[in-house]
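Participant: These are the residues of each chain, in order.
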Amino acid sequence: MRLLIALALVLGLAGLAYLAGRSRGNRMVVAAGGRIGAVHSRPVYHGAYVAVLALAPALLVLAGWGMVGEGLIEGQVLGSLTAAERPASGNDSDALMNEVRGLVNGDLPQAFNPLAPRLAPVYAAARTNGDLLAGALAVALLAMGGLWGWSRLRPDFRARNRVEIQVRALLLIASIVAILTTFGIVLSLIFESIRFFQLVSPVEFLTGLAWSPQTAIRADQVGSTGAFGAVPLFWGTIFIGAIIAMAVAIPLGLMSAIYLTQYADPRLRKWLKPILELLAGVPTVVYGFFAALTIAPLVRSFAVALGMTDASSDSALAAGLVMGVMIIPFVSSMADDALAAVPRAMRDGSLAMGATPSETVKKVMVPAALPGIMGGVLLAVSRAIGETMIVVMAAGLAANLTANPFSSVTTVTTQIVALLTGDQEFDSAKTLSAFALGLVLFVMTLILNIYALAVVKRYREAYE
Amino acid sequence: MNQNPAPKPAIGHNAVPKMTARDVNVFYGQKQAIKNVSIDISAEHVTAFIGPSGCGKSTFLRCLNRMNDTVDGARVEGRIELDGEDVYASNMDVVQLRARVGMVFQKPNPFPKSIYENVAYGPRLHGLARSKADMDEIVESALKRAGLWDEAKDRLGESGTAMSGGQQQRLCIARAIAVDPEVILMDEPCSALDPIATARIEELIDELRGRYAIVIVTHNMQQAARVSQKTAFFHLGTLVEYDDTSSIFTNPKATRTKDYITGRYG
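Residue numbers (the working numbering), protein chains in the order written: chain A, 1146 to 1609; chain B, 11 to 276.
Calculated from the structure, these hints are not laboratory results.
For clarity, every value in this text was computed on a predicted model and none was experimentally measured.
It cannot be assumed that every hint is accurate.
Stated by the list, open to error - Covered, in the sense of this in silico footprint (three residues per stretch, anywhere, with C-beta under 8 Å from a C-beta of chain B), are these stretches of chain A: (1) 1350-1357; (2) 1490-1499.
Claimed, not checked - For lysine-lysine, the following DSS-like pairs were computed, each having C-alpha atoms within a straight-line distance of at most 25 Å: (3) B:K45 to B:K263; (4) B:K142 to B:K163; (5) B:K41 to A:K1415; (6) B:K263 to B:K123; (7) A:K1507 to B:K117; (8) B:K163 to B:K123; (9) A:K1507 to B:K123; (10) B:K154 to B:K142; (11) A:K1575 to A:K1418; (12) B:K154 to B:K117; (13) B:K117 to B:K163; (14) B:K154 to B:K123; (15) A:K1602 to A:K1507; (16) B:K142 to A:K1602; (17) B:K142 to B:K123; (18) A:K1508 to B:K117; (19) A:K1418 to A:K1507; (20) A:K1602 to A:K1508; (21) A:K1507 to B:K142; (22) B:K142 to A:K1508; (23) A:K1508 to B:K123; (24) A:K1508 to B:K163.
Backbone N, C-alpha and C define an ideal beta-carbon position, used for all residues, glycine too.
Start from the sequences, fold in the hints, and give me the full structure.
Facilitator: This is the structure we're talking about:
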């Protein structure tokens, strides 16, 4: 709360710095008689320059305090205890600090730990002091930065160029944040996976054929031998995402792209293309219950009609069919781009030879656009194997290693959801296996994406 | 005002024209691109269409094999005949028409296939070869007639797009003549080529003369003078003058032709 007030104060002061810089710029312009070039930069740039110099250090201080402040306060509060009173483990001190915070914030009427009421005023005082100190430091830096920037303003000062550099730095920071986040995600996956692989060997995980992630809590427990062979999950993922879904999405997506680019009247295309792309905007959970409630029973009745009386209501086919429909817009929009990028001269050349439109599509357009279409298909596969909601709702949890589309299979994403839902202990192989599965999935989609983008890029170069 | 005007006589004076056009109008949406063009195209000559950019010469050329059909919003009025058959009649099969009236484009547009497959494309479409040996023969003779055989015979399996621009254009000519058409339309075939490749194509056009009726659209008046026997001058969608090439260039009748030939505009 106090941090928010400090932030508002800092932003307000930076606004004042902007106004001060701008008005000084204005005065320089007036003094120079308004001649173009007499003052290098326009007043807004002077204002922006001063404001950025004022704001940047103050924001850094506030952000830094927000990140490390709580840790410092904790150290101070726990340090006020005598050695004998200090909690033994990290867990205990976390629990104690939570109670202290609860008392200070008023969320907790009564503490269990007798130390907590004694520490509450220490904590409150430390936090107040810390916040005030950080706020004061921020305002001081703001004033210094602003004044220094303000003092540098001259008619020949190149504020415009400085602001350009500041803008570039801001944009760089924004992209670095996105990249660092990705790295953070990968690192967290890797660290948890390493913990898992200390419990289960990678060879067993990657080649084992049985998946039954139950581990024993007590030594004498029945059915407690965990099996972590993930092959049935990989197979289920590929079966649903890369085989059944693609068998639906590739023909439908490609043919609709061919129709839209080669045959459809431009007015019709203007309507049809956005409608097709609407499919991509349907939330996957909606696809999920469509698969589970509408398609799965149909698939099951069909299987029963074929004579499979024990057909499961969760089937690979139901999930795969719906996922294929979901993927259609990916395939069709990539194929559409690829076909549209084939030079018109190519198509005219074929038509002028007396080829019909469909012969032209088959013999010239699709071969010429094939790399782009392939790239689109690979991106669609990578999207399909990472898809979660449809398979969670329609594919089932049984880790069967089967090629029968009417039976229930499970996928990597479904299992991750199952493993991490509810209260989990984070030191068992069962829970940690979710991260190893996530890592494998990540590596698979990463490779597919890199390969697909390389294919698409090479093909773009071919026609430019 | 005459109530029933007699059909305007065609400009030009040939015994048996290969293609005739009478009162052709072309519209792109609301815009009229060709106005009342009538012309006879001779079988044994090279006919050049010249005129400034946007004068409609390419548009008119594309009417002759109905390539304007592929342009959205294009509408053609009037009558165009090939050996007395109405090209725009409802029973005229576009596929067969285009097999008889081949086309070479402004920018070389070989398909991203091998040289062999580029030439074999048309014969395969129209079922001209019964065996592999037949096809080999067709490909060889088309490449020979296009003057590309010596350069291409050892690399028939390589991609057509890997050749030089001039070679690509000759490959496109070979592709067009592989189906043995009666008329070849060339839409500024040298505008993307260097002078040496251009000279090579011009020689080739001269060699092909007599065997095919050739119509060439060109920006380059020297080229028209070099390769053609008949020249038609288009301006603002109308056919201004059509005559023997020598008379057009030495003794133009219309002032607009004269102004264009002498470089006053265009």
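Participant: Each hint: holds or not?
Facilitator: Verification of the hints:
Restraint check on the region 1350-1357 of chain A versus chain B: 0 residues with Cβ-Cβ distances below 8 Å, three needed, restraint violated. Note: the region 1490-1499 of chain A has 10 residues with beta-carbon separation from chain B under 8 Å; the three-residue rule is met and the coverage holds. For the proposed pair B:K45 and B:K263, the alpha carbon gap of about 20 Å is at most 25 Å, so the pair holds. The straight-line distance between the Cα atoms of B:K142 and B:K163 is roughly 16 Å, inside the 25 Å bound, and the hint therefore holds.
For the hint linking B:K41 to A:K1415, the alpha-carbon distance of about 23 Å falls within 25 Å, and the restraint holds. For the hint linking B:K263 to B:K123, the alpha-carbon distance of about 48 Å lies beyond 25 Å, and the restraint is violated. Proximity of A:K1507 to B:K117 is assessed by CA-CA distance (about 23 Å); at most 25 Å being required, the pair is judged to hold. Between B:K163 and B:K123 the alpha-carbon distance is near 16 Å, which keeps this suggested pair within the 25 Å criterion.
Note on A:K1507 and B:K123: the hinted pairing holds, with a Cα-Cα distance of about 13 Å set against a maximum of 25 Å. Pair hint B:K154 plus B:K142 holds up; C-alpha atoms about 18 Å apart against a cutoff of 25 Å. The hinted pair formed by A:K1575 and A:K1418 fails the criterion: a straight-line CA distance of about 45 Å is larger than 25 Å. For the proposed pair B:K154 and B:K117, the alpha carbon gap of about 22 Å is at most 25 Å, so the pair holds.
This hinted pair checks out: B:K117 and B:K163 have alpha carbons roughly 23 Å apart, not beyond 25 Å. Proposed proximity of B:K154 and B:K123 is supported: the alpha carbons are some 19 Å apart, at most 25 Å. Distance hint between A:K1602 and A:K1507 is fulfilled; the C-alpha atoms sit about 23 Å from each other, no more than 25 Å. The hinted pair formed by B:K142 and A:K1602 fails the criterion: a straight-line CA distance of about 37 Å is larger than 25 Å.
A distance of roughly 18 Å separates the Cα atoms of B:K142 and B:K123; the hinted pair therefore holds under the 25 Å criterion. Proximity of A:K1508 to B:K117 is assessed by CA-CA distance (about 20 Å); at most 25 Å being required, the pair is judged to hold. Taking the CA atoms of A:K1418 and A:K1507, the gap is near 22 Å; set against the 25 Å cutoff, the hint holds. Restraint check: the Cα-Cα separation between A:K1602 and A:K1508 comes to about 23 Å, which is no more than 25 Å; the hinted pair holds.
A hinted pair counts as satisfied when its Cα atoms are at most 25 Å apart, and A:K1507 with B:K142 qualifies at roughly 22 Å. Restraint check: the Cα-Cα separation between B:K142 and A:K1508 comes to about 19 Å, which is no more than 25 Å; the hinted pair holds. As the CA atoms of A:K1508 and B:K123 are separated by approximately 10 Å, the hinted pair is consistent with the 25 Å bound. A hinted pair counts as satisfied when its Cα atoms are at most 25 Å apart, and A:K1508 with B:K163 qualifies at roughly 24 Å.
Hints 1, 6, 11, 16 from the earlier list are contradicted by this structure; the remaining hints agree with it.
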